[in-house]
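Please take these sequences and the hints and turn them into a complete structure.
First to last, the sequence lines map onto chains A and B.
Here numbering that gives the first Met the number 0 is used: the first residue of the first sequence is 0, the next is one more, and so on.
Here numbering that gives the first Met the number 0 is used: the first residue of the second sequence is 0, the next is one more, and so on.
Take these hints with a grain of salt, some might be off.
[Said to hold, decoys possible] Computed footprint of chain A on chain B, listed as stretches where at least three residues anywhere in the stretch have a Cβ under 8 Å from a Cβ of chain A:
hint : stretch
1    : 96-103
2    : 128-139
[What the hints assert, rightly or not] Derived pair list, reagent style EDC-like, types lysine to aspartate or glutamate, alpha-carbon separation capped at 16 Å:
hint : chain 1 : residue 1 : chain 2 : residue 2
3    : A       : K39       : A       : E292
4    : B       : K263      : B       : D252
5    : A       : K4        : A       : D316
6    : B       : K119      : A       : D316
7    : B       : K183      : B       : E102
8    : B       : K119      : A       : E227
Calculated directly from the structure, the hints in this document are not laboratory data.
Keep in mind it's a predicted model, so treat the numbers as computed, not measured.
Glycine included, C-beta positions come from ideal geometry on N, C-alpha and C.
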Amino acid sequence: MAFLKVFVRKAIGGLVMIFVVASFTFFLIRLMPGNPVTTKLNALLATGTPYPIALSKVSVMYGFVPNQPVWQQYLTYLGELAHFNLGESISYTGVSVTHIILSAAPWTIIMVLTGVIVSFVLGVLAGVIAAVWRNSWIGQSSTFLATFLHGIPQFMLALVLAYVFTTVWRVFPFGAPYNAAIQPGWTPAFIGSLAKHAVLPVAAYAISGYGGWALTMRSSVTSVLGDEFILAAELRGLTRGMRLRYIARNAFLPLFTTLTLSLGFMFGGSVFIESIFDYPGLGNLLTTSIGAEDYPLMQGAFLLITTAVIVANLLADLLYTAIDPRIRRA
Amino acid sequence: MKSAPLRVPLSDSEIEVSIRGLSVSYQTSTGLYDAIHDLSLAIHRGSITAIIGESGSGKSTLAMAMLNSVTFPGKIRTGAIDYADVGDITGLNAESLRRFRGEHAAMVFQASQDTLNPLKRVGAQLLDMARSHGLRDRKAILREGSLLAERMSLPASRVMAAYQHELSGGMRQRVSMIFALALKPRVVLLDEPTTALDVLSQSHVLQIVRAIHEERHLTTLLITHDMGVVAELSDRVVVMYAGRIMEDAPSRDLLRAPRHPYAKALIRAIPRLTGPLDRAQALPGAPLELRQIPVVGCVFRDRCTLRQSICDEVTPTLREVAPDHRTACHLEVEA
Ligand SMILES: Nc1ncnc2c1ncn2[C@@H]1O[C@H](COP(=O)(O)OP(=O)(O)OP(=O)(O)O)[C@@H](O)[C@H]1O
Ligand SMILES: [Mg+2]
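Encoded structure:
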């Protein structure tokens, strides 16, 4: 029951934090120099739109009436937020922000989730190898590869992959999430096309994350290897497999929080990779919304990212309690 | 105490572990130095052998070498460590060595506070050990563990279900001892196994060690700084200094009548609970660091009050000065 109490307490904390962030973005946009609401209103007025029409357009876009007092706007905003209504996009006129975000999210989730899982699994294995066999060529080359890949900026990696595999050596298609000639649906042809188009962005994401995981795991394993209980396990004649499991589980702990958080940050997508491969995910959405000064969309995207990170953090806390007995407290 | 029995030379069949010409070296920034140098020692079956000596004299290194577990930057440079019915363990392959550790010989190492996987319960780790050693009845190890825990005055069921962080320092040391005894090894190496215990628990646990030692006909090696423990528990004492044996004799003889100037000084330096405090005299000088140990001559000469020219020129070897009593000193020291 203690566990449940901790969960409820943390969940409430998370909700409060989401509320604070939502309020913060609300006021931030209104306090920014060149208030986007009045800017938009003035822009509409400049095109000759009559004042009442411009006003109602803006109020529809932002989900509130601009000449209302701020506290009333705020209450309206919160009320709408509670119904997951984030207003309407400015650049995609008339389309709700929630709808836009929901249609971009799957692309990012597929790409980033696959990328994180692949890079994490491979990186952790490479890190164990690099640490356990650090005095032999296999460990040293593992460390070298990780350091090398870790040093390459993500956009460069994506560009190189795109150049090599779509231009020099045309094994993968370039741009777009699937072949537009194929009818979308649960058909093998369409799914195949999706997968083929996803390979390079996923690979770019995975390779760019791999080095970090490998190096972190390497240092974590190295530190666990120096722990007394590993020597004790050896002196007690535990099998190599058993000892590796002891090492891996203990070394994995510090990476665990980072992993959960990076899954939270997933909702920010990857701006570079998505724009290089023209992938219609959240990262792309964020860039276009900033470029188009589409404040409702931006606000929605930021809110989603923060919520995801807060939820991931909460999840990390809870799961950590489950895997590390030292954290369990009454 | 009974009067000393007549001693007859030991036959090979009474020797459980025979260390021959063992040198263990550490690689340091200034070079490779021996922490154990050309050491030979026969450990009698069924005996409790105490190893004493100042800090840094190589006691732990010797114990680690006896499980062939010296790790980088240290390594066994030369020598053999023969166990009865096993042979030279420096030549064992990895799998045989693994089976040997825990099953044939086990160790409680110095400051054994964190010898458990922090993420697993004590019982689960005992089961891991049973699995690693291919025990057919794995649950037996839990019964054995509980039994040992009870004997050492630990709440058995609580300890078996505990994680390391839920145990006190003294409890951890005793749990470490349970792990060492769980597979019923023939040889047990205890490196200052009771340092985290209060005086009362300490003597209690050592009594248990003695009892188990006798029941199971173990051969026990006990590293300690406590002369009271030596007197109470051990059959033999080995005095070490700078990686060499200075003296090796039955405990009673050695404590009552040490021959080597170092052994004399060491025993004098340690206050007895019973003796008058002012009789304790600090050992002059400091123990040698590895790189300061002279290659030729006696390693103790710089601190020895009886130093002569021969001590600088000739390395003393262990020689029999009384029946079953060996010492490495050139001088005819009065007992
Ligand atoms: N990893 C190491 N690297 C270099 N030198 C070492 C290492 N471990 C031990 N030594 C040296 O080897 C010598 C013997 O050390 P050891 O730990 O065996 O001494 P000890 O007799 O057990 O001392 P104590 O009573 O303090 O436990 C010491 O001079 C020590 O400095
Ligand atoms: Mg020691």
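Which of the listed hints are not met by the structure?
6
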